[in-house]
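A.B. asks: Each chain, letter by letter, is given below.
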Amino acid sequence: MIIEAQDLVKTYGSFAALRGLSLQVPAGSVFALLGANGAGKTTLIKILMNIIRPTSGRAMVLDTDARAVGPGLLAKIGYVSESQLLPGRLRVEEFFRYLRACYAQWDRGAEAALRRQLQLPPERRIGALSHGMRMKLALACALPFRPKLLVLDEPFSGLDALVRDELVTGFAQRTDATTIFLSSHELDEVERLATHVAFIDAGRLLFQGSIASLTAHAEPLLHATPAHDRQRASLRDVFIAMARGARERERAMPG
Amino acid sequence: MIGPIMKKDWSLLWPMVAFVTIVQISLAWFGYNSGLFGGELAPRELRQPLTLAWFIGIGALAVAVVHQDPLPGVDQDWLIRPLARTDLLLAKLLFVLLVVFAPMLALDSARVLAGGFSLSAALPALLYKEVYFLLCFVVPVMALAAITATMAELMVLGAALIAIFATALSVDAWLLGAEHCPTCDTGVSWIQHVAQHAGILLGAGVILVVQYYRRRTEAARAVAAIGTLALVFGQLPWSVGFGMQRWLSPAPNAAAAISVVYDAPRSGTLQQTGAAAAGNPSYPARAPRDRLGAAVGYFERHGSARAAPVNLLLPVRIDGLLPDQLLLVDRSEVSLLLESGSPVYRGLNPGPLNPAGPVHAAAARGDDAPPLLQTIELPVRVYRDFGGKKLRLRLDYSVTLMKVTAQLVMPAADGALRSNDLGVCATHPDQGDSLIKLRCQKIGLTPFCLSVTVRDEAGRENPEILQCDPDYRPYLPTSTDPLNQFGADIPLRDPTGVTHYRLEAAQPTALNLLIKVYAVQEHAVRSLVTPTTQLGQPAQ
Chain P
1 MIIEAQDLVK TYGSFAALRG LSLQVPAGSV FALLGANGAG KTTLIKILMN
51 IIRPTSGRAM VLDTDARAVG PGLLAKIGYV SESQLLPGRL RVEEFFRYLR
101 ACYAQWDRGA EAALRRQLQL PPERRIGALS HGMRMKLALA CALPFRPKLL
151 VLDEPFSGLD ALVRDELVTG FAQRTDATTI FLSSHELDEV ERLATHVAFI
201 DAGRLLFQGS IASLTAHAEP LLHATPAHDR QRASLRDVFI AMARGARERE
251 RAMPG
Chain Z
1 MIGPIMKKDW SLLWPMVAFV TIVQISLAWF GYNSGLFGGE LAPRELRQPL
51 TLAWFIGIGA LAVAVVHQDP LPGVDQDWLI RPLARTDLLL AKLLFVLLVV
101 FAPMLALDSA RVLAGGFSLS AALPALLYKE VYFLLCFVVP VMALAAITAT
151 MAELMVLGAA LIAIFATALS VDAWLLGAEH CPTCDTGVSW IQHVAQHAGI
201 LLGAGVILVV QYYRRRTEAA RAVAAIGTLA LVFGQLPWSV GFGMQRWLSP
251 APNAAAAISV VYDAPRSGTL QQTGAAAAGN PSYPARAPRD RLGAAVGYFE
301 RHGSARAAPV NLLLPVRIDG LLPDQLLLVD RSEVSLLLES GSPVYRGLNP
351 GPLNPAGPVH AAAARGDDAP PLLQTIELPV RVYRDFGGKK LRLRLDYSVT
401 LMKVTAQLVM PAADGALRSN DLGVCATHPD QGDSLIKLRC QKIGLTPFCL
451 SVTVRDEAGR ENPEILQCDP DYRPYLPTST DPLNQFGADI PLRDPTGVTH
501 YRLEAAQPTA LNLLIKVYAV QEHAVRSLVT PTTQLGQPAQ
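Those sequence lines, one after another, are chains P and Z. Last residue of the first sequence? That's 255 in this note's numbering, and every number before it is there in order. Last residue of the second sequence? That's 540 in this note's numbering, and every number before it is there in order.
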């Protein structure tokens, strides 16, 4: 497993962002972590990246305890987040120059290809780039060192349809063995990409498995859907049905 | 990874670095250009705002370099890059060393050479200044920057810490009076300052370690707030501070012959006065306090500890002083004792020994000098309770014995002198020859006590001018200028005609200055106890 989380709990005062979450991400997969806003996706990712510490539980990333994720491991992990604060006053070219020195495995050919493909303006200051261009830049900075694990936190958020399509196509066409761990509530794009999926709601895991196993798992949940439509049920339908079921069960619990 | 981080910071901050460097060059240039006597008005006036810009510029640069990779928060780009925390911290420190302190050392070296001093002799002092400003200014500023993410956040945090500091200081002064800071405004205050600087450095170190290796911003901010309170309430007791100073005395037992004794008054009771003690006109008053000092002084005077004190004058005599010695009274404490010897009151006595200033051998003996009168300030409630009773009064003095270590003579008009004791000195008549200005600059420790006497070739003299501002510190840099400046203004005649001097008709070119440099021999404690007496007649 590339990522393995066991009984992760993270609380902020009386608010529990994660409530005993366990997860396994197989090597080589495109693993989509799905959930509504505030479900705990970003909290889980920050724990995996050792940016925040869990209240309890344990997570392993590339066979290393997440609490020990440091420079050695970060050199093997690419990370893109919609909230990532890139150094706004640096120019695009200066930022690439800085990152080249950070990663021993940096591939300048891959960098050049990505910059061409994503049409990043080298002399523009990062702060002057649009949101979409910043996301493209973050992506272009997360790939040239050939990471073993690519973590994408809401990579499609706020992007227009064309950019989303470019990104999805780019990931879908990948030829290396990079594992992609992707969090999103943009289900249409995820559906085109993911080989594995996990649903979380209010800090709890509702389901995890391959896309193929999801259909079988979802069958009883889609009882309200006509039988001939169940085969064509989208990820969105399945997720909504699971989330509603979980919330009803929670409401029905005594206390 | 230190190099790439520094290069990245350089590409973002070089305009700020250029500004700080221009300020440093300007300050060095104006310092050199103003010479010993201040030079032209415009450069002289510019030095103060430039000094302020120097501090603000260096502080802002230290903050900015930390804020390029801020510590609080979870979305910073550096958190997901393969950067070792130690590399990040070292890159920030090295950046400041390279862009601030390396130019500072070069400019200071040039300034020293232009001032006619040897660079090899000055180098330890220059390096010491660099280390001092790095550890006592830049590192604490970087620590504050490490617990904030933006300049605006830092300003809010700074304002909060200043508010905590000022409130705590005012409350402390109101409750304890002058005792809220036993060593303040004394020659021993440097020990308190060194302890405070060490505490600030320790706190800054803790904050930097907590932030760079644990990123626990709330805990680090708590350290900053607790440290601010500790600065106010963590005061060195006088007995400890002066005890350390006594231990550092260069000539132990030099004051063995000195005693302070009660000089019995003719009347049965002590003289009571509400007026401030008269000063010695030849002895300059201490420099006025800054605004914060004035505010704290208000609380000291109007707080619960010393509301409306009653002043008594006690005649005293000091025996055993040699002609080339001076005695400084650093502090006195007063006790009221019953006839049985048991104390009914003990406290700090803020009242001065009059005439103000160091005590000469002549004044101590009463020869050609007004008698020594010790002002005793008692809280009004103590005076009301015990003023009418027969009591003994005990005074415990902390004193410093000074001795002339060098005597130098130089022309009073446009004279020049170079010596190990004073550095480079020059004289210049001013204000229509009614005043002689003596100005010196020296690298390292400067004398805090010197006397100057104007005399002619026939040996006639004006009264000696004594300039003593007790400061027993070893060398600690206090200025942005590597050359420490000091001096005295010596009156030659009074243009208003009120005061007359023996040599007021002489031309400055016909006069010399005799400069005596005093140095500490020993710090000592002495006590006196009066016979049983009545303090006064308090109103019932």
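Calculated from the structure, these hints are not laboratory results. Mixed in with the good hints there might be a few duds.
[Said to hold, decoys possible] Reference listing, derived: stretches of chain P covered by chain Z, where coverage requires no fewer than 3 residues with Cβ under 8 Å from a Cβ of chain Z:
| # | segment |
| --- | --- |
| 1 | 23 to 35 |
| 2 | 40 to 54 |
| 3 | 75 to 88 |
[As the list claims (entries may be wrong)] Derived Cβ-Cβ restraints for the label pairs, each shown as a range:
| # | chain 1 | residue 1 | chain 2 | residue 2 | range |
| --- | --- | --- | --- | --- | --- |
| 4 | Z | Ala222 | P | Glu123 | 43 to 51 Å |
| 5 | P | Leu162 | Z | Val206 | 50 to 58 Å |
| 6 | Z | Pro237 | P | Ser22 | 42 to 50 Å |
| 7 | P | Arg116 | Z | Leu52 | 45 to 53 Å |
| 8 | P | Gly109 | Z | Tyr128 | 47 to 55 Å |
| 9 | P | Gln105 | Z | Ala106 | 37 to 45 Å |
| 10 | P | Arg67 | Z | Ser239 | 29 to 37 Å |
From the three backbone atoms N, C-alpha and C, an ideal C-beta is built for every residue, glycine too.
A.B. asks: Next, verify each hint and record whether it holds.
C.D. replies: Status of the hints after comparison with the structure:
Closer than 8 Å: that is the beta-carbon criterion, and the segment 23 to 35 of chain P has 0 residues meeting it against chain Z, so the requirement of 3 is violated. Coverage of the segment 40 to 54 of chain P by chain Z holds. Counting CB-CB distances below 8 Å, 4 residues qualify, and the rule asks for three or more. With 9 residues having a beta carbon nearer than 8 Å to a beta carbon of chain Z, the segment 75 to 88 of chain P meets the requirement of three or more and the stated coverage holds. Roughly 44 Å separates the CB atoms of Z:Ala222 and P:Glu123, a value that falls within the hinted 43 to 51 Å.
For P:Leu162 and Z:Val206, the Cβ-Cβ distance of about 51 Å falls inside the hinted range of 50 to 58 Å, so the restraint holds. In this structure the supplied range 42 to 50 Å is violated for Z:Pro237 paired with P:Ser22, their Cβ-Cβ distance being about 59 Å. A beta carbon spacing of about 51 Å between P:Arg116 and Z:Leu52 agrees with the range 45 to 53 Å that was offered as a hint. Separated by about 53 Å at the C-beta atoms, P:Gly109 and Z:Tyr128 satisfy the suggested range of 47 to 55 Å.
Checked against the hint of 37 to 45 Å, the C-beta distance between P:Gln105 and Z:Ala106 comes to roughly 41 Å, which is consistent with it. Separation of P:Arg67 from Z:Ser239 is about 50 Å and departs from the stated range, judged on CB atoms against 29 to 37 Å.
Checked against the numbered hints above, the structure violates hints 1, 6, 10; every other hint is satisfied.
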